[in-house]
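Please build the complex by placing chain H on the supplied structure of chain W, with the hints as guidance.
Protein chains: 2
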Amino acid sequence: MPHRPFMLGLAGDSGAGKTTISTGIARLMGQERTTNICVDDYHKYDRKQRAERNITPLNPACNHMDILEQHVRLLAMGEPILKPIYNHSTGTFDPPVYVPPPRAVSDGNRMIPRVVVLEGLLTLFSPAMRERYHLKVYVDPEEELRREWKIKRDVAKRGYTPEQVVADIERRMPDSQAYIWPQKEHADIVVRFYRPLGYDPERPGTLSVRIKLKHSLPRLDLTEVLHSAYEDEPTVLRLETRKEADILDISGGLSPEKAAVFERLIWEQLGPHAEHFNPELIGTFWDKGGHSYPLALSQLIIAYYLVHMREQAVQHGVLSYA
Amino acid sequence: MPHRPFMLGLAGDSGAGKTTISTGIARLMGQERTTNICVDDYHKYDRKQRAERNITPLNPACNHMDILEQHVRLLAMGEPILKPIYNHSTGTFDPPVYVPPPRAVSDGNRMIPRVVVLEGLLTLFSPAMRERYHLKVYVDPEEELRREWKIKRDVAKRGYTPEQVVADIERRMPDSQAYIWPQKEHADIVVRFYRPLGYDPERPGTLSVRIKLKHSLPRLDLTEVLHSAYEDEPTVLRLETRKEADILDISGGLSPEKAAVFERLIWEQLGPHAEHFNPELIGTFWDKGGHSYPLALSQLIIAYYLVHMREQAVQHGVLSYA
Numbered sequence: 002m003p004h005r006p007f008m009l010g011l012a013g014d015s016g017a018g019k020t021t022i023s024t025g026i027a028r029l030m031g032q033e034r035t036t037n038i039c040v041d042d043y044h045k046y047d048r049k050q051r052a053e054r055n056i057t058p059l060n061p062a063c064n065h066m067d068i069l070e071q072h073v074r075l076l077a078m079g080e081p082i083l084k085p086i087y088n089h090s091t092g093t094f095d096p097p098v099y100v101p102p103p104r105a106v107s108d109g110n111r112m113i114p115r116v117v118v119l120e121g122l123l124t125l126f127s128p129a130m131r132e133r134y135h136l137k138v139y140v141d142p143e144e145e146l147r148r149e150w151k152i153k154r155d156v157a158k159r160g161y162t163p164e165q166v167v168a169d170i171e172r173r174m175p176d177s178q179a180y181i182w183p184q185k186e187h188a189d190i191v192v193r194f195y196r197p198l199g200y201d202p203e204r205p206g207t208l209s210v211r212i213k214l215k216h217s218l219p220r221l222d223l224t225e226v227l228h229s230a231y232e233d234e235p236t237v238l239r240l241e242t243r244k245e246a247d248i249l250d251i252s253g254g255l256s257p258e259k260a261a262v263f264e265r266l267i268w269e270q271l272g273p274h275a276e277h278f279n280p281e282l283i284g285t286f287w288d289k290g291g292h293s294y295p296l297a298l299s300q301l302i303i304a305y306y307l308v309h310m311r312e313q314a315v316q317h318g319v320l321s322y323a
Numbered sequence: 002m003p004h005r006p007f008m009l010g011l012a013g014d015s016g017a018g019k020t021t022i023s024t025g026i027a028r029l030m031g032q033e034r035t036t037n038i039c040v041d042d043y044h045k046y047d048r049k050q051r052a053e054r055n056i057t058p059l060n061p062a063c064n065h066m067d068i069l070e071q072h073v074r075l076l077a078m079g080e081p082i083l084k085p086i087y088n089h090s091t092g093t094f095d096p097p098v099y100v101p102p103p104r105a106v107s108d109g110n111r112m113i114p115r116v117v118v119l120e121g122l123l124t125l126f127s128p129a130m131r132e133r134y135h136l137k138v139y140v141d142p143e144e145e146l147r148r149e150w151k152i153k154r155d156v157a158k159r160g161y162t163p164e165q166v167v168a169d170i171e172r173r174m175p176d177s178q179a180y181i182w183p184q185k186e187h188a189d190i191v192v193r194f195y196r197p198l199g200y201d202p203e204r205p206g207t208l209s210v211r212i213k214l215k216h217s218l219p220r221l222d223l224t225e226v227l228h229s230a231y232e233d234e235p236t237v238l239r240l241e242t243r244k245e246a247d248i249l250d251i252s253g254g255l256s257p258e259k260a261a262v263f264e265r266l267i268w269e270q271l272g273p274h275a276e277h278f279n280p281e282l283i284g285t286f287w288d289k290g291g292h293s294y295p296l297a298l299s300q301l302i303i304a305y306y307l308v309h310m311r312e313q314a315v316q317h318g319v320l321s322y323a
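Sequences listed follow chains W and H, in order.
Each number in my numbering corresponds to the 1-based position in the first sequence with 1 added.
Each number in my numbering corresponds to the 1-based position in the second sequence with 1 added.
Quick caveat, the hints were computed from the structure, so don't treat them as lab data.
Just so you know, not all the hints are guaranteed correct.
Copies of the same chain are indistinguishable here, so a pair counts whether it falls within one copy or spans any two.
[What the hints assert, rightly or not] Once the Cα atoms are required to be at most 20 Å apart in a straight line, the calculated EDC-like pairs of lysine to aspartate or glutamate come out as:
| id | residue 1 | residue 2 |
| --- | --- | --- |
| 1 | Lys45 | Asp95 |
| 2 | Lys259 | Asp108 |
| 3 | Lys45 | Glu33 |
| 4 | Lys153 | Glu203 |
Chain W with its partners taken away, still in its complex shape (with noise of 0.2 Å):
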């Protein structure tokens, strides 16, 4: 029988953070223990044929959804897959690569599940690839922090002039508002960074995050935890019951100590199923552009999440091993 793995759905557009995210929740649940695919390869075009047909990969009538939506369900059941390439630097194809089966792996004293953490722009899109997460992630920054993110990406790594990617940003809009945010609705946790007043784009360690989490989460005293040490620091810390989502916003603004209080709080709560605590390892922009409790944090809280809700698998024998 092949193993089941934990399954992580992770969307957005183009530059919103996915990558980021995903970085620190790989090393929150080890590497060695963490299987992290970006599945926006799934083109049925190259770049020229895309520009002939005027169509975005944002498009699925871009995409080989059927065969996206194929290798979810395989990975799912712990199957491996042969995953195609798409090579930004030559708008073309590369060979697939092999990704092996999501086999358990050990937590010291026992075999767990795999954890699959799956991002692309259109990972949520459809029912078929939805109901094969355990745990949906949407992340959904300001549309100005957006673009500064995604300017800064596409000049440092994939060569384009910031006039190209601006262009690139207006011509997909449209898709983008048909097709990535309305995935939006269909993610247990939204992830949105926003700018506090007087934000200095030098200092990303600034921004705040508001964190949504739908009550399509299991219950748990995450919240309880958060409200116990946050009651002193309403202004760096809220949390809001609302009828569809808890939110919780953390400042920027938040100082040092306070944030290794609050990590150090959510860090106990995943037992032995992370590894050896290093905050480093966490809250870090991928352009190194400073550290950002706020992004540590987020990490953390997915984590959380994904800890428990495995656990929970594990105990009701949706996800068991032979």
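Relative to chain W, chain H alone:
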């Protein structure tokens, strides 16, 4: 519900004539109702890496057998696949190609299962693949013939010198014997071309064929059909019933007139399932080395079993459509 196709697995060593057989079957079944797929592209290593590791593509350890098995299963379930592509010119991999779901096709009156012909070196290697085929065929020419054919093809189509091809055959011989040849045991039909006395290599049309029809096949009246016609021709068509198989020998010395009678006899058994009969569609060697009646009859006989077994599968509800 996806449409399940009729699955034909066709194995044989390199140069044995797999494509020659499958091309005729596709023509008999109708090209647009048949999906022909060569599955010799699932290598783990490119040519350079294979040389470094001293491993041949005939060795299952050189191939992603788990992915090959998975793709055979997915096609049998009526699903699409993204198939890897090995480039014989470069010795590396090209971008994968999309194989659409093998949907049912119309034969004019009703929907019938599409025929998927999977040919390759290792298509009958593992139980996981074998259990997915409705019909299993192995091409097993005399070894001298296979060498002759492989040299001809690899020089003409893949740009090798005859000396290189011979060296390649020798280097692969242990793996041929260990992994390829034993697959013959698992086939329902074994097609063996052989040289009659006084065979002229310039006239491949004069080759004889021995077709082993194993008792794993359903009992059909083909032998009776042939029996009624061959009694006066024991030197050109001979049928012998043995313990484990019926052995049908067809001589390359068959006259065109007699061959036409046999072809017509089998053709009539195919019913409305095949294209309007055109004897020129079958019996052709890839290199236009002339027409071969034994080849044409081999293709017709496989098609005959295929059509009847597909019909039985539909009748028994094994292959049905919404």
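Now the hints, each set against the structure:
{"no.": "1", "hint": "Lys45 <-> Asp95", "result": "both (13 Å within a copy, 15 Å between copies)"}
{"no.": "2", "hint": "Lys259 <-> Asp108", "result": "neither (30 Å within a copy, 73 Å between copies)"}
{"no.": "3", "hint": "Lys45 <-> Glu33", "result": "neither (32 Å within a copy, 22 Å between copies)"}
{"no.": "4", "hint": "Lys153 <-> Glu203", "result": "within (12 Å within a copy, 67 Å between copies)"}
Of the numbered hints stated above, those contradicted by the structure are hints 2, 3, listed in ascending order.
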